[in-house]
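There are 2 protein chains.
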Amino acid sequence: MTDLTGFFNPRSVAIAGASQKPGKIGNAILKNIISSGFKGAIYPVNPKADEIEGLPCYPDIGAIQEAPELVVVAVPAARTLDLAKACGEKGVKHLVVITAGFKEVGREGLELEKKLVEVCSSYQMNMLGPNCVGMMNTHANLNASFSATYPARTGDITFISQSGAMLVAILDWSVLTGLNFSKVVSLGNKAQLNEADFIAAAANDPTTKVILCYIEDVANGDYFLDVAERATRKKPVIILKSGTSQAGAMAASSHTGALAGSDLAYETAFNQCGIIRAHSMPELFDLAVVFAEQPVPPNRNVAVVTNAGGPGIVATDTVETKGLAMARFTKDTIDALRQSLPAESNIYNPVDVLGDAGADRYQTALEKVLADPSVGSAVVLVCPTAVTDPVPTARAIVDLHQKHPDKPVLAAYMGGPMLAPGAKLLSEAGIPCFTFPEPAINAISGMSRYSEMKARPEERRETTINADHETVKNIFEHARQDGRLVLLGSEAYQAATAYGIPAAPVLLAASPDQAVQLAEQIGFPVVLKVASPKIMHKTDVGGVLIGLKSAAEVRRGYIEITENIQRYLPDVIIHGIEIQKMMPKGTELIVGMSRDVQFGPLIAFGLGGIYVNLMKDVSFRLARGLTEKEIQKMLTETKAYTLLKGYRGEQPADISAIVDIIARTARLVTDFSEITELDINPIFAYPEGASALDIKITVS
Amino acid sequence: MTDLTGFFNPRSVAIAGASQKPGKIGNAILKNIISSGFKGAIYPVNPKADEIEGLPCYPDIGAIQEAPELVVVAVPAARTLDLAKACGEKGVKHLVVITAGFKEVGREGLELEKKLVEVCSSYQMNMLGPNCVGMMNTHANLNASFSATYPARTGDITFISQSGAMLVAILDWSVLTGLNFSKVVSLGNKAQLNEADFIAAAANDPTTKVILCYIEDVANGDYFLDVAERATRKKPVIILKSGTSQAGAMAASSHTGALAGSDLAYETAFNQCGIIRAHSMPELFDLAVVFAEQPVPPNRNVAVVTNAGGPGIVATDTVETKGLAMARFTKDTIDALRQSLPAESNIYNPVDVLGDAGADRYQTALEKVLADPSVGSAVVLVCPTAVTDPVPTARAIVDLHQKHPDKPVLAAYMGGPMLAPGAKLLSEAGIPCFTFPEPAINAISGMSRYSEMKARPEERRETTINADHETVKNIFEHARQDGRLVLLGSEAYQAATAYGIPAAPVLLAASPDQAVQLAEQIGFPVVLKVASPKIMHKTDVGGVLIGLKSAAEVRRGYIEITENIQRYLPDVIIHGIEIQKMMPKGTELIVGMSRDVQFGPLIAFGLGGIYVNLMKDVSFRLARGLTEKEIQKMLTETKAYTLLKGYRGEQPADISAIVDIIARTARLVTDFSEITELDINPIFAYPEGASALDIKITVS
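Line order of the protein sequences matches chains A and B.
Residue numbers for the first sequence follow full-length UniProt numbering, so the first one is 1 and each next one is one higher.
Residue numbers for the second sequence follow full-length UniProt numbering, so the first one is 1 and each next one is one higher.
Check the hints yourself; a few may be wrong.
When chains are identical, the list treats them as one kind, so a pair holds in a single copy or across two.
List of simulated lysine to aspartate or glutamate pairs, EDC-like, C-alpha gap at most 20 Å [as the list claims (entries may be wrong)]:
(1) K24 to D571
(2) K473 to D671
(3) K639 to E588
(4) K24 to D389
(5) K322 to E283
(6) K322 to E267
(7) K616 to E588
(8) K21 to D356
(9) K90 to E118
(10) K24 to D356
(11) K538 to E563
(12) K538 to E650
(13) K581 to E688
(14) K696 to D671
(15) K616 to E637
(16) K529 to E553
In case anyone wonders, no lab produced these hints; they're calculated from the structure.
This is chain A alone, in the form it adopts within the complex (with noise of 0.2 Å):
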């Protein structure tokens, strides 16, 4: 991992290109680093300047007297390769790149960023952008940026950012809000560090408790997967990451050239990494505030306080909405609601202490809701009445989440002026207030998923599968050399089953005798098939017959299905005649792969059969360390499963065998980068075993 610590915390920094003149990026750079207190020494340099903003001002790096630990490059792109060559020279370990003109304005400019990374690897110096507004750690008073917003208060926020404008923007709003940075990283390029470095160091930055990400797509999808999911082990860690649709995928590759992958790829590499993804800007923050403010939930069941029936409602309603629980109280407490409350409250959750509560009423009720061992998290609504005690509610919603450390509380002040200096007090003593009840659940259900995912099991080893590599080499290369992509069915039966994976025999004839022969080897009855992957509606030109019971029928079979190709499509070259074992109807399975650009190969699982596109009953997971555990959790998300558990009493079908066959069909693609696409469909489960019926091949 790339120690970044004197990145963030340099004894010194030079900014080459520090400029005399206000509103050029050199002189704003200058000044933050001026204004936000950096103790170390600062370094302007500029050959035509004697002094900067009262600081000497040197005209080159090499003039400095010690080696700059980190330099910040705000000089024209045509020079900034010289200047990291002499940076090089000097010693520096670290740069921040804010110079444009690189991979964002077409090919030149990607030229001259592949060559500034070479110089920056050559001398082994980290380097940050180009194209970036810089980086900031509040613990160091450091503003390294040309960012004219600054956070007020130090926090423990990480916020990562590949838009230099929003991250602006969000700073500049964090001074309305309850949002508190440690460090703040403009990526720009990600010409070299990109967001996975940035999140290894934050997960190891003892003043960073949240690690929040905006990002349009990530730079290595092994890295970033082997860094998230070590970090998320740590601390959460939350993202945005954009242009999913795919006209945001559009926007994403003309603005930055990234190279979004699929969006499906994103959300199942995030979801098994134990990311938190955030689905719009104002969750992103929401979520940021609550991670940083309060602890996670040891469960998923809400106690929500009221002094209102209907938003009490509408709390309800999202608890269950956002996968929550309403807490069913114990005993106990309703007996203590009961004892301290009005008649006429509801004691059961929502607790509603009516609407002529003050603070005191607030304070008993949720005291007893917060000792009650099955909640998890609290909820405090308030709506203006005439009695209501903003400020006072606040204060002792403060002291009893002091008694309660370990539970999140939370607070929806719904309402203008009259409520405004208790929210504020909220908001001060660590405790996020909302306007609304809805953001406010919908962050407890974010830190519970959080909660569930970090409790996920370490070990995501693989299961150790015997394999026939060579084999499966062999075929591909026959085919290769045959001038063929997609296998032949014979040759995807042999590759399957070298690799454990259980398939109804598929052997090729090339004349009625053999397939005669073929026939009586594997058993009757069976299916004769056409083998010539140019084909690919079989049925529709005769090339498929089921059900032969007799050496005759095969025979009669084979002439028929030649006859029939050569009527219907005269130049297609056939291989033969494919012969397969004829098995018994059983329920019809998908297991299948596609390839993503950045996560690699993508493993789906679901109902099969010739409706597999109008279902759409798929779940995905990555194959990379694909766990057995991680397979039988992909089987229950789909309908399928419940087909398998066995349906309106039939008899269950053999899941292990199922959860075998992925195992192994993921471990195949993983061995064999050249196969580009993998159909497995039918499988056909039954009560003990499966067997693979039908399966694609392509390779590249």
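Keeping the supplied structure of chain A fixed, place chain B upon it in accordance with the hints.
Coordinates of chain B only, in the frame set by chain A:
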């Protein structure tokens, strides 16, 4: 329709239970009426005072020289009946009963409430409440409520709320936001006047542009649908309906005693009558602001103008997720943008005017895209940069919107203090300004949906259906006399046939001889089924035989089934054996009906067969006023429709036959309210015609 003109614009108002004591509700109401600037006569009524708040006080309603047009009631619950009678005698037209202690406190309260309604009805008085906060009409300077908040600015939103607390909360919150109200109504227990009365009044109110509701249930489904169907053709009606979750509905009923209809019925009803459903409080009020301030977009194509790539991508993603489309500019627009923007700008949608854009560049870009005939709406995103001109940019947006008043223009000023003055200018000038892009685009999506719903065909007449009502009536009576609520297959077949629903004939045989005779009558092959509504899974007990091709097989089958039942279920009464014509296999569909407490019969259509519950491929419509056009739309919402159109080269099914079956089913269940459940599963759809195979009808 109830005329509420005088209710909202009374010449005179009396306050029964007016009080001298500050803090008392009877004092708060009087003060509010006075301080809101009401111009008509104000009569405090209280036997114990001579003067309150500087006005002469009357001992009772009768003592007032004229009949006050509106009386606000704040006397104790026990005195409300006498008071209402006195009002009626005096000739009062409208009551607002603030007093609590009715339905919401239990059975006695409910009795009192019923009596109060009786009194009001007997004098033809309108009554709002009881147990409500009151009402406001800003255009008459009338705040007849005990809410301490009062909207500062009059506007054109009518807000109708079943939660008084939420209403007060929103009034307080509106001070901070752009919500300006025309009428505000707290529904309370809805004992007499209900949400539909006020929606109808608001629809005809020239000072109302948008109708906003928070409800927990509707009082009368039919009346609500009638009113909403008409109101939504005039103005947007936006509703947040709570109690959608199971837990939420429980909270709702413990709160108001409201009988919450199932959410599915609400969802269907809202869709069918053109209501925009908000799914959260933030969404409800975002929609309110946007509908109040902006025109409805002419089409779904959104243009985005931004000074930063990242937010542009986020906006593009949201456009797609929310069912909108990114506008594709005409060549003229693209050329004009190319000529007037810097070379590095993105001139396609989203238009990126770059980080160094001032107001002029925004002006240029927005002017061009608004002039593009393909653009239906525009969203302007502004991130803070060193050169951002938030206020001049805002002015440019306002000016351009005035030039294109037919296209909605929204803004997201992404930041805090740096952008606040610009955001304020926009809000005040009627351009809704958000912090993040997503809520802006979501609001446009709501407007687009409304625009499409508003354009729905006027004619909602049901198709004329010839139906033999008498036959069905007799079948039901016969079954009831026989002590059965579930019809026999042969009865259900007759009932369906009487309504013109094509079905495979089912005849009931009481002996082997009769079975043979009936089988010969309908033609072989036939199916035999034991006729006993008590036996759920007939196949499991050997109660079904299929594909019987001769008289001999039928005779043997009759005996076999009888013996099987005697063996497995010796105590079950069987009504004979049903002979059904065996039909060729078609696409399996289901048509069903469940009856909603509020909205009546709900018709379901989807994929049929034994996997119905697994696939859950079903769309719903209210039977009420169901047109052929609507049924056709209903079909297209399912996967079944893809099959019917001819999936994977199969012959298309006879869709008009399916539409006809649904129309006839809707008519049947509408004509016979005693049908509590109806399931036709499967229906076989053929290239020509369709046939109901299994019809289950339960009557009450």
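So which of the earlier hints does this model not fit? 1
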